[in-house]
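Let's have the full structure, built from the sequences with the hints guiding it.
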Amino acid sequence: MKINDDKIARLEEEISELPIGYISKKNINGKIRQYHQWTEDGKKKSKYLDSETALVVAERIAKRKELEKELKIEKALLPRRSTKRTGNSLLFKTNILISDNLKAFIQRAASLKSRPCLKQMQLFLDSGTQSRVFILYGLRRTGKTTLIQQAITSFNQSQFEKTVFIQISPEDTLSAVNHDMKILLEQGYKYVFIDEVTLLEDFIEGAAVFSDIYASSGMKIVLSGTDSLGFLFSSDDSLYDRCEMLHTTFIPYREFENVLGISGIDEYIRYGGTMSLSGINYNEHSIFSNKESTDAYVDSAIAKNIQHSLKYYQNAGHFRHLEDFYEKNELTSVINRVVEDINHRFTLSVLIDDFVSHDLGLSARNLLHDRNNPIDIFEHIDKKAFTESLRKALDILNKEEQTVEIKEAHRIEIKEYLDLLDLTVDVPVETIPIVNEKTYQTCVSQPGLRYSQTEALVKELMKDENFQSFSIADRKHILDRILNEIKGRMMEEIVLLETKKAMKDKEVFKLKFAVGEFDMVIFDSENITSEIYEIKHSTEAFPDQYRHLVDEKKCRETEFQFGRIIRKCVIYRGENRREGEIEYLNVEEYLKGL
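Each position in the sequence shown, counted from 1, maps to that position plus 222 in the numbering used here.
Honestly, the hints are just simulated from the structure, not real lab data. Beta carbons are placed, not taken as given, at the ideal position from N, Cα and C, and that holds for glycine. Among these hints, one or two may not hold up.
Subject to a maximum C-alpha distance of 27 angstroms in a straight line, what follows is the list of computed DSSO-like cross-link-like pairs (lysine-lysine) [stated by the list, open to error]:
{"id": "1", "residue 1": "K681", "residue 2": "K614"}
{"id": "2", "residue 1": "K341", "residue 2": "K325"}
{"id": "3", "residue 1": "K728", "residue 2": "K775"}
{"id": "4", "residue 1": "K814", "residue 2": "K722"}
{"id": "5", "residue 1": "K709", "residue 2": "K698"}
{"id": "6", "residue 1": "K728", "residue 2": "K814"}
{"id": "7", "residue 1": "K637", "residue 2": "K734"}
{"id": "8", "residue 1": "K637", "residue 2": "K728"}
{"id": "9", "residue 1": "K605", "residue 2": "K621"}
{"id": "10", "residue 1": "K269", "residue 2": "K621"}
{"id": "11", "residue 1": "K629", "residue 2": "K550"}
{"id": "12", "residue 1": "K614", "residue 2": "K698"}
{"id": "13", "residue 1": "K266", "residue 2": "K247"}
{"id": "14", "residue 1": "K681", "residue 2": "K248"}
{"id": "15", "residue 1": "K247", "residue 2": "K681"}
{"id": "16", "residue 1": "K734", "residue 2": "K709"}
{"id": "17", "residue 1": "K637", "residue 2": "K722"}
{"id": "18", "residue 1": "K709", "residue 2": "K606"}
{"id": "19", "residue 1": "K722", "residue 2": "K335"}
{"id": "20", "residue 1": "K248", "residue 2": "K685"}
{"id": "21", "residue 1": "K709", "residue 2": "K605"}
{"id": "22", "residue 1": "K294", "residue 2": "K325"}
{"id": "23", "residue 1": "K621", "residue 2": "K266"}
{"id": "24", "residue 1": "K637", "residue 2": "K723"}
{"id": "25", "residue 1": "K266", "residue 2": "K614"}
{"id": "26", "residue 1": "K267", "residue 2": "K291"}
{"id": "27", "residue 1": "K269", "residue 2": "K605"}
{"id": "28", "residue 1": "K325", "residue 2": "K291"}
{"id": "29", "residue 1": "K248", "residue 2": "K287"}
{"id": "30", "residue 1": "K605", "residue 2": "K253"}
Cβ pair distances, simulated, as ranges [unchecked claim]:
{"id": "31", "residue 1": "Q379", "residue 2": "D424", "range": "35 to 41 angstroms"}
{"id": "32", "residue 1": "F600", "residue 2": "L289", "range": "43 to 49 angstroms"}
{"id": "33", "residue 1": "D272", "residue 2": "N658", "range": "46 to 52 angstroms"}
Structure below.
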């Protein structure tokens, strides 16, 4: 009987993204209130839910229970893995896939397009390097297991017969893995892929066993896992100078389109940041398709990533100032605040000030100053009630609710870890006249994470009774305006981030003047030249879009500081064209060309 390991892996992944626990109801002052209750790390947790959210969570809990029953049946059909040597039966202690079982496991990857970073792993596997291991790490759902499957799929028959895949579970130990590795080495296996290796509690301290013993003996070892910080800590400690690393978290637009078959900057804004098996019904299966699943991702893939690594590294000695966040389970709230901040500053005030909706505030100002149809949205909604409702929907705590007093030391460490996870990237902001202190714009590398908050805003706005006083035409106009403005700011952020990552030999930054700004400048310090850009979420071209680019004073000051301007461009969603000295570049074509 062929073992469906791929189905088991899929079920386990789906289950991990669904909530545990149950929904309880309490009668408080005659009103029925519903709570999501669960147990985590031996502690009982509880979270208040409005009636609509409670219904969604209840459905997801029920779905989890159904999948757990299905998984139990699949595992019951799973025979014990074993291998034989000179007639003696030797049982593996971990979950080992070889031969036909391995072939079934990698089968689905054969039809999938591969990410360009697969080449880096293939070069390692084909090289004669010894004493080094390959580390494949990144946040969940960024394609690590698929990359492994595709690497194995590319092997010839001789290589495949010497290949093994080990799936680590939380119950496994480094001792058990070491036991199995000895057997595999003796049997002549050369290519060893170990998935979720950071689940081993003693991995960070004992990781050197893979390089010093088995890689030195000729094995090609690929270690994979979602605990990015665990790998970073081990590469700085036990695996120092004995590993090659590949980070999968950042997924640029060109890979989103090429690998998933999904085109369009707006689709990338809504769902970008993770990989899916295919483009079919991607919006239904994306973890960013609703706020509940996004919160679960922030909690499990990001907050718990940090917490898990710090817990096991040097007996939690690396927690420094973050231990209280770990104990009080408040790190997720802090991360949500960072993502929501429209100014991208990552200052202490972002983490402690009372929550206000930056997205709604900016959109309301723009609607009020609309030349054709000015609308004062705050005259038609209960601003205080709406802000409170949205804050709860985004799972953000105000200062009086925070049990941990957030200080500058906390901010520095949270920023440090989010940067290490590749979730946040700083883009410089230059000014003219030049000031001594350089500022930065903190960009979030997973746009879907940011946009899910926008959809939560729209959902809460639609529930506001006063908002219903607008005509249906005005409601649609307001919501479209809010969504398009947020998409515009996100598109600008995406272009800045991807350009900065692609052009490592040049300086990429936003340039601000006393009045106005260039959305992006690319400065070539070698040739002393610069390119200036405006970034617009529009399909139409009109002169007002490039008024700053043709401002003689701004251009003169820019050339004095950053060299001769050799290119003036507007990046937008329309077709490539030219208006005199101004180039219009289609945003998708621009991003694919980086």
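Taking the hints in turn, this is what the structure says about them:
1. A threshold of 27 angstroms between alpha carbons decides the hint, and for K681 with K614 the separation of about 13 angstroms falls inside it, so the pair holds.
2. The hinted pair formed by K341 and K325 meets the criterion: a straight-line CA distance of about 21 angstroms does not exceed 27 angstroms.
3. Distance check on the hinted pair: K728 and K775 sit about 24 angstroms apart at the alpha-carbon level, within 27 angstroms; holds.
4. At most 27 angstroms may separate the alpha-carbon atoms for a hinted pair to count; K814 and K722 meet this at roughly 14 angstroms.
5. For the hint pairing K709 with K698, the CA-to-CA distance comes to about 16 angstroms; that is within 27 angstroms, so the pair holds.
6. Pair hint K728 plus K814 holds up; C-alpha atoms about 19 angstroms apart against a cutoff of 27 angstroms.
7. Distance restraint check for K637 and K734: the Cα-Cα separation of roughly 24 angstroms lies within the 27 angstroms cut-off, and the hinted pair is therefore satisfied.
8. Taking the CA atoms of K637 and K728, the gap is about 24 angstroms. The hint holds against a cut of 27 angstroms.
9. Between K605 and K621 the CA atoms are separated by roughly 19 angstroms; this keeps the pair inside 27 angstroms, and the hint holds.
10. Proposed proximity of K269 and K621 is supported: the alpha carbons are some 18 angstroms apart, at most 27 angstroms.
11. Proximity of K629 to K550 is assessed by CA-CA distance (about 16 angstroms); at most 27 angstroms being required, the pair is judged to hold.
12. Distance hint between K614 and K698 is fulfilled; the C-alpha atoms sit about 24 angstroms from each other, no more than 27 angstroms.
13. Proximity of K266 to K247 is assessed by CA-CA distance (about 16 angstroms); at most 27 angstroms being required, the pair is judged to hold.
14. Restraint check: the Cα-Cα separation between K681 and K248 comes to about 25 angstroms, which is no more than 27 angstroms; the hinted pair holds.
15. Taken as a hint, the K247 and K681 pair is honoured in the structure, with Cα atoms around 24 angstroms apart against an allowance of 27 angstroms.
16. Straight-line distance between C-alpha atoms of K734 and K709 comes to about 21 angstroms, which keeps the hinted pair within the 27 angstroms bound.
17. Between the alpha carbons of K637 and K722 the distance comes to roughly 19 angstroms, so the proposed pair stays at or under 27 angstroms and holds.
18. In summary, the hint linking K709 to K606 is supported, as the alpha carbons are separated by about 25 angstroms, within the 27 angstroms threshold.
19. Under the criterion of a C-alpha separation no larger than 27 angstroms, the hint pairing K722 with K335 is consistent with the structure, at around 26 angstroms.
20. Taking the CA atoms of K248 and K685, the gap is near 23 angstroms; set against the 27 angstroms cutoff, the hint holds.
21. Pair hint K709 plus K605 holds up; C-alpha atoms about 23 angstroms apart against a cutoff of 27 angstroms.
22. For a cut-off of 27 angstroms, the pair hint linking K294 to K325 stands: about 23 angstroms separates their Cα positions.
23. A threshold of 27 angstroms between alpha carbons decides the hint, and for K621 with K266 the separation of about 23 angstroms falls inside it, so the pair holds.
24. Between the alpha carbons of K637 and K723 the distance comes to roughly 19 angstroms, so the proposed pair stays at or under 27 angstroms and holds.
25. Note on K266 and K614: the hinted pairing holds, with a Cα-Cα distance of about 20 angstroms set against a maximum of 27 angstroms.
26. Between K267 and K291, the direct Cα distance comes to roughly 24 angstroms. Compliance with the 27 angstroms bound is thereby established for this hinted pair.
27. For the given pair, K269 sits about 24 angstroms from K605 by alpha-carbon distance, which is consistent with the 27 angstroms threshold.
28. Simply put, K325 and K291 have alpha-carbon atoms about 26 angstroms apart, close enough for the 27 angstroms limit, and the pair holds.
29. Taking the CA atoms of K248 and K287, the gap is about 23 angstroms. The hint holds against a cut of 27 angstroms.
30. Note on K605 and K253: the hinted pairing holds, with a Cα-Cα distance of about 24 angstroms set against a maximum of 27 angstroms.
31. About 36 angstroms separates the C-beta atoms of Q379 and D424, a value consistent with the hinted range of 35 to 41 angstroms.
32. At about 44 angstroms, the beta-carbon gap between F600 and L289 stays in the expected band of 43 to 49 angstroms.
33. At roughly 49 angstroms, the beta-carbon separation of D272 and N658 lies within the given 46 to 52 angstroms, and the hint holds.
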